[in-house]
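Peer 1: Chain residues, written in single-letter form:
There are 2 protein chains.
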Amino acid sequence: MKIVVDAMGGDNAPRCNVEGAIEAVRELGVEVVLVGQGDLILSQLQDLGCDAPPPGIEIVHTSEVVTAEDNPATAFREKKDSSLTVGLELVKNGKADAFVSAGPTGALLSAATLITKRIRGIRRAAMAPLLPTGNGGSILIDCGATAECTPEYLLQFAYMGSYYAEHILGRPEPRVGLLNIGAEEGKGTELQKQTYALLKEAGKAGRIHFVGNVEAREAILGAVDVIVCDGYSGNILLKTMEGTALYLTGEMKQMFKKNALTKLAALLVSDGLGHLKSMLDSREVGGTALVGISRPVFKAHGSSDGYAIKNAIAQAAKYVSSGIIESITDNIEYMRLPTSGEEKGAEA
Amino acid sequence: MKIVVDAMGGDNAPRCNVEGAIEAVRELGVEVVLVGQGDLILSQLQDLGCDAPPPGIEIVHTSEVVTAEDNPATAFREKKDSSLTVGLELVKNGKADAFVSAGPTGALLSAATLITKRIRGIRRAAMAPLLPTGNGGSILIDCGATAECTPEYLLQFAYMGSYYAEHILGRPEPRVGLLNIGAEEGKGTELQKQTYALLKEAGKAGRIHFVGNVEAREAILGAVDVIVCDGYSGNILLKTMEGTALYLTGEMKQMFKKNALTKLAALLVSDGLGHLKSMLDSREVGGTALVGISRPVFKAHGSSDGYAIKNAIAQAAKYVSSGIIESITDNIEYMRLPTSGEEKGAEA
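Protein chains in written order, with the numbering used here: chain A, 2 to 349; chain B, 2 to 349.
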């Protein structure tokens, strides 16, 4: 299996990207194509003790870099010789199996949609991170790829999230919940009401295991395997979770740093603190899938270090061998509304 | 000052409502009218050692109780002799200054809107809880009263939230942020984009201190004093915060309970743990204002105990003397859009 890594994306590029690639080749047995400025990549390899690319690592030189300053919608077209564009072309043309980037989300999403394209029939792509919830992790779909959604998009997110939980988390009959402000049917805005009806129907037909509305509190505590929502709400949920965890762990740090006795306490629970820290560490998962794109594309966190990049590559490799893209493709007819032809114009 | 307490609302009614009322009279120097089933209230008072209502406590008997099973939109009308309806009528008719209820939110909101009415010109009421954020607390407006919003509603929420922070939290120039999925102008859905323009204009005119979009993560860490959003998103934020805090404190409990040494650690940081616990304890604030209603109405948590009810009464008392309703009324012309006449039908 061959994974393309955007060597120029992220705050710590290309150093950490190169580190992550080397570790991935060593630990996961995958091949990695590093796409980016060749001289910079080579000098990083040298710093890491490799005079030439080690076995399993290939370099594809590109001269341009997409940054947060570029227009996300057009960056890939304006910078044709960027690691983003060239990397995605490699995957599109079947020269590699997946693309991993820690570069700007918007530019990655536009480029993935327009170069590798969405799966035929999928209206919008979704970002589906694995949240550290009470049941050992839940898929949140979407968390910001598509801020404004229709009921049909959410129906598709529900199916795709369900396949993700099944194929990649190994949950045989994933519980799918619609994020809402109350558990009862009829809660929420028009979007939730209409989506509820579609998901209920899909559930009755036995195609997904729809368990109804789920409130954010219960979702975090682990009530469902898949949390379905529009990208705006999903982003609020994800970022609130991050903020609250940061805030509370900050307060805990203060508590333990207070004096000699509290510092002793920290030592006594150091195992537990390590567990808490790793549970909340976004580097452990490393990457978030752009679900609905016809080829595996992963977004790594902008602040990724080598460990995070390696884990993002591992996630991408899992995605490649999971069969999720095939499952979505095979079931696309259930995921389209009869009226959805109207929207075709929006797909361009 | 006279505060009406719905003696029948909440999971622990009427016991905790009576307890909270007695404590409030004692500690806050307010008078309380307990509205509900007279015999039940009297027997609770007896249990608490009072053979007759103590000075400062008055009982108004009602025969009916609004429950979660009632239709929220019509309960107050169907049960005219309920504590909800009679209590709000007392406030409407000027016989008391504020109403506090731990009963069902939807029924309270409908009843407050239709009995005490909204402030003239206010399109929708909002629930504005005080969140325990990094800057010592921020107002979240709305958190579920109005799930679906227009830019005008959010403009009004921004003003009302700003007055709240100013008058009740004592922040002289409250920073108002629009909850969004990115900090830059132009982020989010149509609702956020249009609202941004309105808030920017209000900010330029010096009427609110609008600091732009705020992401949920930064909002929790305390970047703003007022978080403006539609009720659906606000509810997601509030419940995610609750869920994450519950989940993490649960994990912490496990960590400290593990063995004799970790239990010792818990003792060594018991002060800090107490602080954390009280920081996250919704009972400390006790009640959430229904902002935009023409008279002070407070929702207490359904699971309130006497301490929470007392604190909700304290919040209501603060609200009464704050002058916030007058500030909203005096500035209503800035809070209306020229086109807003169209929506009048929706106000019924």
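These aren't lab readings, by the way, just hints derived from the structure by calculation. The reader is advised that the hints may include incorrect statements.
[As the list claims (entries may be wrong)] Beyond 12 Å from chain B on every Cβ pair, some chain A residues (computed): (1) N13; (2) K81; (3) G107; (4) K118; (5) E149; (6) R208; (7) R218; (8) S234; (9) T250; (10) I333.
[Said to hold, decoys possible] Some, not all, of what chain A presents toward chain B, calculated at C-beta under 7 Å: (11) E79; (12) K240; (13) Y248.
[Unchecked claim] With beta-carbon atoms standing in for the labels, derived distance ranges: (14) B/K258 with A/N260: 22 to 30 Å; (15) B/D331 with A/Y335: 50 to 58 Å; (16) A/E79 with B/E185: 16 to 24 Å; (17) B/G183 with A/R121: 27 to 35 Å.
Model, not experiment: these values are computed from the prediction. Even glycine gets a Cβ: it sits at the ideal position worked out from N, Cα and C.
Peer 1: Going back to the hint list, which numbers does this structure go against?
Peer 2: 3, 5, 7, 8, 9 and 11
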